[in-house]
Every structure is written in C-alpha cells, then in structure tokens.
Amino acid sequence: MRPARTGPLLRRPLSARLATLGAVTAALVTLVGQPAVAAPRNPSDAELAAAQSAQEATAAEVGRIAGLVAAAQADLERVALEARAAADAELVAEAELERAQAVAASAAAELEAARVAVGQARSDVATLGRESYMRGSTLTAVAAMVSAEGPAQMLQQAATLELLGDQRTETLQGLEVAQVRQANADSAARESVTARDHAEQAASEARATAERRMASSQSAFDAAAAQKTTYDQQLQQAQVTLLGLQGARDAYEAWRQEQAARAAAEAAGAEAAARAAADAAARARAEQDTGNPTPRPNTGTGTAVAPTSGRFTTCYEMRWGTMHYGVDIAAPIGTPIYSPLAGRVLRAGPATGFGLAVYVQHDDGSVTVYGHINDYFVRAGQRVSAGEVIAEVGNTGQSTGPHLHFEVHTDGMYQGRTNPIPWLAARGVDMGGRCR
Numbered sequence: 041m042r043p044a045r046t047g048p049l050l051r052r053p054l055s056a057r058l059a060t061l062g063a064v065t066a067a068l069v070t071l072v073g074q075p076a077v078a079a080p081r082n083p084s085d086a087e088l089a090a091a092q093s094a095q096e097a098t099a100a101e102v103g104r105i106a107g108l109v110a111a112a113q114a115d116l117e118r119v120a121l122e123a124r125a126a127a128d129a130e131l132v133a134e135a136e137l138e139r140a141q142a143v144a145a146s147a148a149a150e151l152e153a154a155r156v157a158v159g160q161a162r163s164d165v166a167t168l169g170r171e172s173y174m175r176g177s178t179l180t181a182v183a184a185m186v187s188a189e190g191p192a193q194m195l196q197q198a199a200t201l202e203l204l205g206d207q208r209t210e211t212l213q214g215l216e217v218a219q220v221r222q223a224n225a226d227s228a229a230r231e232s233v234t235a236r237d238h239a240e241q242a243a244s245e246a247r248a249t250a251e252r253r254m255a256s257s258q259s260a261f262d263a264a265a266a267q268k269t270t271y272d273q274q275l276q277q278a279q280v281t282l283l284g285l286q287g288a289r290d291a292y293e294a295w296r297q298e299q300a301a302r303a304a305a306e307a308a309g310a311e312a313a314a315r316a317a318a319d320a321a322a323r324a325r326a327e328q329d330t331g332n333p334t335p336r337p338n339t340g341t342g343t344a345v346a347p348t349s350g351r352f353t354t355c356y357e358m359r360w361g362t363m364h365y366g367v368d369i370a371a372p373i374g375t376p377i378y379s380p381l382a383g384r385v386l387r388a389g390p391a392t393g394f395g396l397a398v399y400v401q402h403d404d405g406s407v408t409v410y411g412h413i414n415d416y417f418v419r420a421g422q423r424v425s426a427g428e429v430i431a432e433v434g435n436t437g438q439s440t441g442p443h444l445h446f447e448v449h450t451d452g453m454y455q456g457r458t459n460p461i462p463w464l465a466a467r468g469v470d471m472g473g474r475c476r
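When you line the sequence shown up against the working numbering, it's residues 41 to 476, in that order.
Since the hints were derived computationally from the structure, they do not count as laboratory data. Be a bit skeptical, because a hint or two may be false.
Between beta-carbon pairs, the in silico distance windows are [as the list claims (entries may be wrong)]:
1. Ala300 to Gly107: 37 to 45 Å
2. Asp272 to Asp404: 25 to 33 Å
3. Gln299 to Gly405: 51 to 59 Å
4. Glu245 to Ala99: 50 to 58 Å
Cβ atoms here follow ideal geometry from the backbone N, Cα and C, with glycine treated the same way.
Build the full structure now, drawing on both the sequences and the hints.
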C-alpha cells in the first residue's frame, strides 16, 4: 500500500506543481537580471578622448600655476630685503644729521665767543689810544697809528715811533689774535652749517627713498598676494577638475565591470533555476512512481559584488605610525555603495570619526563597515542581499575628500580586523588598483 502524501504542494496535480515552479523560476531570473542602479551614460570614444585631453591640459596648467606661485613668493622675499635696506639707510642718515647739528651748534658757540673777544680787543685798543693822547703823544705818532691798515702795521709803526710800551704791545697783539680766532670761528661755523644742511638733505633723501621703496614694496606685496590667491584658487579648481574627470572615468569602467559581473550572475541564476526546475520535475515524476518525496537540494549561489567603484587613495597599511584598518576609495559624492554579500544591518547612522556609517553582519559572521557616507538607505535589523544599495559615498566626519572607508571584521564588530582586498578576492571580487 502506498503511503499517504501530505503537504499542499504534493496534494496538487503534477501539471499545477510544474506551473508553479516555472513561475517561481521566471521570477528568480527577472530579479537577478534587474540592475541595482540605473546604468550611467555610455560616453563615446570622442568624448573619452576629449576628457583625456582636458585632463592633460589641466595638469599642465597646474604645473604652470605652481611655478608662478613660487616666483611670487621669491618676489615677496626680495621686496622685504629691499625695505629693510631702505630703513637702515634712513637710520644712518638721521644719525649723520644729529652729528652735523652738534658740530654746527659748537661752531656757533665758538664764533660767538670769538666775536666777544674781538669786541673786547677793540675796546682795549681804543683805551690805549686815549691813554696815549692824555700822556702827550705827538699828533704825528697818533696819526701814524690811526692810519695803520691793521694791527700788524700798527705794531710796526708803534715800535718805530717808540710810542708803545710792553703792555700796549700785548693789547694790540690780543686784538690781532681775537680777530684771527673770529675769522676761524666764522669759517668753521659756515662749514658746520653747510655740513648740517648736507646731512639734513641726505636724511631727507634717504627718508623719501625709503618711503618710495616701502610704497613699491607694499604694492609688489599686494600684487603678489593677490596673484597667489588667484593661483591657489585656480590650482584648487584644477585639482577638483582632475579628480572629477578621473572619478567619472573610473566610475564608467567600474560600471562596465559590474555589468559584466551581473550578466554572469544572471546566466548563473538562469542556469541554477533551470537545474532546479529539472530537479523538481524529476522529483515529481519519482513521487508519482514511488509515492515518496525526495530531498530538495540547496541551490543558493551567494555571488559577491564590489562595495563601490572609484580609485584607491589609502590601503590597509601603517600610515604616520598608525594602522589604517581599511581601504579608502575616492569617488564623487552620491556614488552608490553596495553590500558585498547578503546579511543583516547591525547599525546605520552617526558614528564617531566616520560622521555617518553602516555596519552589516554577513551570514558567515564577518562584519563590513562603510564610513564617511553621505546618506544611508537601510536600518538596523534589516536584511540585505548581495549587491543591494545600502548607502552613497560622502565626505562626512574626519574626512579630507569624498571617499568610502571600507573595513572587514572577521570575528564580529571590531574583532579580527583584516585586509578587505584579499577578503573580497577570496569571494570572487577583484578590486584592481594599487592596494593588495
């Protein structure tokens, strides 16, 4: 006697069971064939060539601007040296002016003293004349003295006429000495005034030169600073343009690789579905013949995918004495981030240092981490499949530019950290690039 068959599927006719299995198979193939994101625009060869030319031209412009910035910096240093030299010249001229003024003041004092001495000597001579007259000197002798052209001639005439005594001779000699000193003091005063005027003029010219140089230096500094600001902005824009072009090209190449991987996954899914349908049909026929259900095989494939597309900027390595426990993949903000394998979301939201982050634990127990993201599309506890979009590339937290920080923890969250590149390669994902 054949055993009774139980279960809703086994109670249905064979044709109905095969129809149901066919519908499930068709749905599976449709799901596998759907792209995770819309395909990017496929640029033509001409567009790609133009982008390459633009990249090279931008790189050349960056080099040229860097040279101009260096030249502007050199001009700033030269102008500063010239300004300091002009200031030194002004200080020297001011010191010379002070010394010249001191010499002129001393010469003026000596001149005044000489004038006083000459006046006293003239007074003594006049007194001498009066005394001679009072003592009865002859008119002829006095007339001879008075008609003398100078003290020296007067002394000679007085000696000849024997009109003068020793005291009178000393008086006339004192007058002569006083007059000589007056002449010397007057000459020294004139020279000191001339030197003072020259020093004052030199100081004035040095000051004017310093002011002109300072004005020129300030103008050159302002111009160089303005140029440097402009060049820095141009350099930053050129770097952004280069990164954008490189990211767009990398994204397109990654999309092509992803499309090839999806095509392979679809083919594998279709083949698996066909095998499952054939196995189901064979089981159904065997059940009809024997009345006993046969065990159903496990047909899951579990194909892994890359977490995102872009260019490696930092690998799993020591960096400035600190271990970098992941890889950084530069890409434009908004680039999709995928779960490499099926799993369950542990956390999604703010994370210290990362800004925003998502943590997914996969069926093998390993945990993948996605940091610095711009936005996330999953929640804690949610089940995700391989290739499902869970977030997008961002620049949040302690980040220096748009990128994905990707980590793998093989023994649970922050336990057994490992290099993500070999981990992905072991699951059939070749990321390429410089990180190994």
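Evaluation of the provided hints:
1. Ala300 to Gly107: 37 to 45 Å: holds (44 Å)
2. Asp272 to Asp404: 25 to 33 Å: violated (49 Å)
3. Gln299 to Gly405: 51 to 59 Å: violated (31 Å)
4. Glu245 to Ala99: 50 to 58 Å: holds (51 Å)
Hint violations for this structure: numbers 2, 3, all remaining hints satisfied.
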